[in-house]
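Engineer: Starting from the given sequences, assemble the full structure and let the hints guide the process.
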Amino acid sequence: MSDADTESAGDESAHEHQSDTAHDHEHHHEGPGYATPQAAIEEGEREKLAYVMSLYVGTDVDASDFVAVVDLDPNSDTYCEIVDRIEMPERGDELHHFGWNACSSSCHMEGLERRHLIVPGQRSSRIHVIDAKDRRNPELETVIEPEEVFEYDLSAPHTVHCIPDGEILISMLGDADGELPGGFLELNEDFEIEGRWEPPGEIEMNYDYWYQPRQNVMVSTEWAAPKTYYPGFDLDDVEAGNYGRRLHFWDWESGTVEQTIDLGEEGLIPLEVRFLHTPESTHGFVGTALSSNMFHFWYDGGANDGDGAYRAEKVIDFESREHPDWEMPVPGLTTDILISMDDRYLFGSNWLHGEVWMYDISDPSNPRRADSLSVGGTFGDVQEVQGRELNAGPQMIQLSLDGERLYWTTSLFSSWDDQFYPEEGEQGSVMLKADVDPRNGRLELDEDFLVDWGECPDGPARAHEIRWPDGDCTSDVWQ
Amino acid sequence: MSGHSNDRPPSHAVTLEWPGDRTRTVAVREDETVLDGAERADIALPFGCRTGACGTCTGRLLAVDGAEPEPDSGDAEGHGIETAIAYPRPPRALKDRHLSDGYVLLCIASPRADCRIAVGSSVHTELVDNPWK
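For the protein sequence lines, the chains are A and B, in the order given. Numbered per the UniProt record's numbering, the first sequence spans residues 1 to 479. Numbered per the UniProt record's numbering, the second sequence spans residues 1 to 133.
Hint data in this document are derived by calculation from the structure and do not stem from the laboratory. By construction, the Cβ of each residue, glycine as well, lies at the ideal position given by its N, Cα and C atoms. Just so you know, nobody snuck in bad clues.
The calculated label-pair distances, taken between Cβ atoms and stated as ranges, are:
1. B:30 x A:253: 51 to 61 Å
2. A:258 x B:97: 34 to 44 Å
3. B:20 x A:311: 49 to 59 Å
Stretch by stretch, here's where chain A covers chain B in the computed footprint (C-beta under 8 Å, at least three residues):
4. 36-47
5. 50-63
6. 112-126
Structural biologist: What follows is the structure, given as structure tokens:
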């Protein structure tokens, strides 16, 4: 960002004029996305549709998983309804996370559009490409079959991000047998497998990743081998060291791990990882789900006797809670986090407790609790919305670009749902919403909002990750 | 009933039993999986990876050739798994305790004898409990 942009930020009309000038001369923003995170806040329209991963895998419903198109326009007759379903060609996928073929990181790529959704099957290792040119009625375009993926000795696709030159990178959690090591699979612009992105042997466990190209860094996290987490959560696997607790910091250009940080016993199962949106920042956060802590990480130029290194420090600790019906204290299970587009708040979910929260991270080393909602899950104060029982806690979250509306779904992973919230498979998931007051750091449940996957035509379905049609707080990266 | 013709691998009568009264008996060939055989008969069983890693397709062997498993036998042989089921690759989703309890991954299991198998989505949920409750 130029100094001119920064100085003009307080005056909207002057800002538009000056930032446009800055684009023409310095940034050449001709591709998809937004020139800056602030531009996403200003130029991004209110989300009127959501794409939501929806699944039947692991149930007795004889139907394939689907991408739900949800109407989020309060002025629409079909507000809060699933208005389209893009059904996958085969059953058994476990649609989980997904991403775009292009985002703001490709904003220099003239002609490239944010148009295709890359939708992997977590269990099947089948990768679907959906053409969302018609945002309300997307269509399945291409399928990469599991056998093609297995040829690269990879399986269990998870996080999808686009690479700034139009290619796509997918974190893969296992080898072709569902064992370790995992790795990264790269697709080209034509949605064909380009190959393995990294040299073999860089990591063992894998899960989520985020990259910050201006800092030439990527960070990746660890769940477990697919054969370990697929069937469900077994505490014996934790004791055996079969679950992850490390962060890997990569050289983004060379695709090699430069540094690994062991988060220790308080950092068990680091899942969702986010850098701040501003491309200048080396700060980020990771939620360690089993330990139910938040770690802040950042580049410390003075570390290593001045050679510099990333450091990670626990900054939020969610205590386990006693419950009369549980033999052991119940962990929060912090399964998802995101950072607001203005980098002011960290939002997250405690799936087992039944809580969504927002922390002020204007000083990232010292997050300050702003507000939380106790809803669903084991302890939630609110256990039904519009008479609909909430059979699970808040899980995948998504925030409007302007930071004023937080949405969430309630399914974690089919087999883990069955273990902790068995009713969810029978009743389906819900999507809920809270109104956010970012100026005052407040959350309020919107009880007029409810999307019910229990009413899907083929039977109750689960709902997982949420995306907006034109970029969101967990999709876009800036160069 | 087990049988074979000259040009096809032998097949075995695999009886699938859902919770409640529903049962279906399918002739499953030795060169196909129980899941494949069920799909050929238009029976929808749960499945995921189809490589033996995920456990979504888990069934539980109830009996082999009409013989009930010995109660409290404590090992897989008591269920006749080794005589009833062949795996072309390791059943990685199952731990030793699951194998001992007669659990079978139908996406990679091929029959070697007539048998009865409990199926449906409730079976894979038996593999793990809520460890804190």
